[in-house]
Amino acid sequence: GAGVSQSPRYKVAKRGQDVALRCDPISGHVSLFWYQQALGQGPEFLTYFQNEAQLDKSGLPSDRFFAERPEGSVSTLKIQRTQQEDSAVYLCASSPTSGSSTGELFFGEGSRLTVL
Amino acid sequence: AQSVTQLGSHVSVSEGALVLLRCNYSSSVPPYLFWYVQYPNQGLQLLLKYTTGATLVKGINGFEAEFKKSETSFHLTKPSAHMSDAAEYFCAVRSGGYQKVTFGTGTKLQVIP
Numbered sequence: 001g002a003g004v005s006q007s008p009r010y011k012v013a014k015r016g017q018d019v020a021l022r023c024d025p026i027s028g029h030v031s032l033f034w035y036q037q038a039l040g041q042g043p044e045f046l047t048y049f050q051n052e053a054q055l056d057k058s059g060l061p062s063d064r065f066f067a068e069r070p071e072g073s074v075s076t077l078k079i080q081r082t083q084q085e086d087s088a089v090y091l092c093a094s095s096p097t098s099g100s101s102t103g104e105l106f107f108g109e110g111s112r113l114t115v116l
Numbered sequence: 001a002q003s004v005t006q007l008g009s010h011v012s013v014s015e016g017a018l019v020l021l022r023c024n025y026s027s028s029v030p031p032y033l034f035w036y037v038q039y040p041n042q043g044l045q046l047l048l049k050y051t052t053g054a055t056l057v058k059g060i061n062g063f064e065a066e067f068k069k070s071e072t073s074f075h076l077t078k079p080s081a082h083m084s085d086a087a088e089y090f091c092a093v094r095s096g097g098y099q100k101v102t103f104g105t106g107t108k109l110q111v112i113p
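Chain order of the listed sequences is A and B.
Per this note's numbering, the first sequence runs over residues 1 to 116.
Per this note's numbering, the second sequence runs over residues 1 to 113.
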């Protein structure tokens, strides 16, 4: 597709369940980012990949959060034993270059997670 | 460290009036600065960006922003608001050589007919 694609768009989970959110970036984009956007807040950085390498995971809130990008294209964000505070929109963004580029991000529409 | 402060979580303007959304940043190195717009249930899309060079940058839909280093500001303006401008606007900063983009908390723009 032409843009960043995320699935599912909406996910309802019971507290304690595991969830997996998928991101399909723009073809050829080197960099991939995950952000968490709580209601009424700005996006908060979670993690960053350059190709398949996870170069920064400083924003992951706990060890229940795990992200991977094994072949340098599609990425999955996994949340184990979900809790109510995990309810948010999870945004994926990709960027065509890395290093000293200007860093413009192309966002998907997000996956809205609601934990009951 | 880098951070962004957006003054005013909600701004209301009349259709045809000037739009001014404020953004101040903090960065230890020369920054790259961005404004993104988010419509309901959609992802963020880039309005404009400052990297180097001319400090007044123009973006899509008639928006522009001016980088003022002395004031550490990057305010977004549009001379005449249109109903379709109603959305949430996010200012963001990226410090050169560092990949993470940090966003402000957003300003929701309401346009009154």
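No lab work stands behind these hints, which were simulated from the structure alone.
It cannot be assumed that every hint is accurate.
Stated by the list, open to error - Quick list of in silico lysine-lysine cross-link-like pairs, BS3-like style, CA-CA up to 30 Å:
id, chain 1, residue 1, chain 2, residue 2
1, B, 100, A, 57
2, B, 108, B, 69
3, B, 49, B, 108
4, A, 14, A, 57
5, A, 57, B, 49
6, A, 78, B, 100
7, B, 58, A, 11
8, B, 49, B, 100
9, B, 49, B, 69
10, B, 68, B, 58
11, A, 57, A, 78
12, A, 11, B, 108
Hint-by-hint comparison with the structure:
no.: 1; hint: 100/B x 57/A; result: 10 Å, holds
no.: 2; hint: 108/B x 69/B; result: 25 Å, holds
no.: 3; hint: 49/B x 108/B; result: 19 Å, holds
no.: 4; hint: 14/A x 57/A; result: 26 Å, holds
no.: 5; hint: 57/A x 49/B; result: 25 Å, holds
no.: 6; hint: 78/A x 100/B; result: 20 Å, holds
no.: 7; hint: 58/B x 11/A; result: 38 Å, violated
no.: 8; hint: 49/B x 100/B; result: 15 Å, holds
no.: 9; hint: 49/B x 69/B; result: 15 Å, holds
no.: 10; hint: 68/B x 58/B; result: 15 Å, holds
no.: 11; hint: 57/A x 78/A; result: 13 Å, holds
no.: 12; hint: 11/A x 108/B; result: 26 Å, holds
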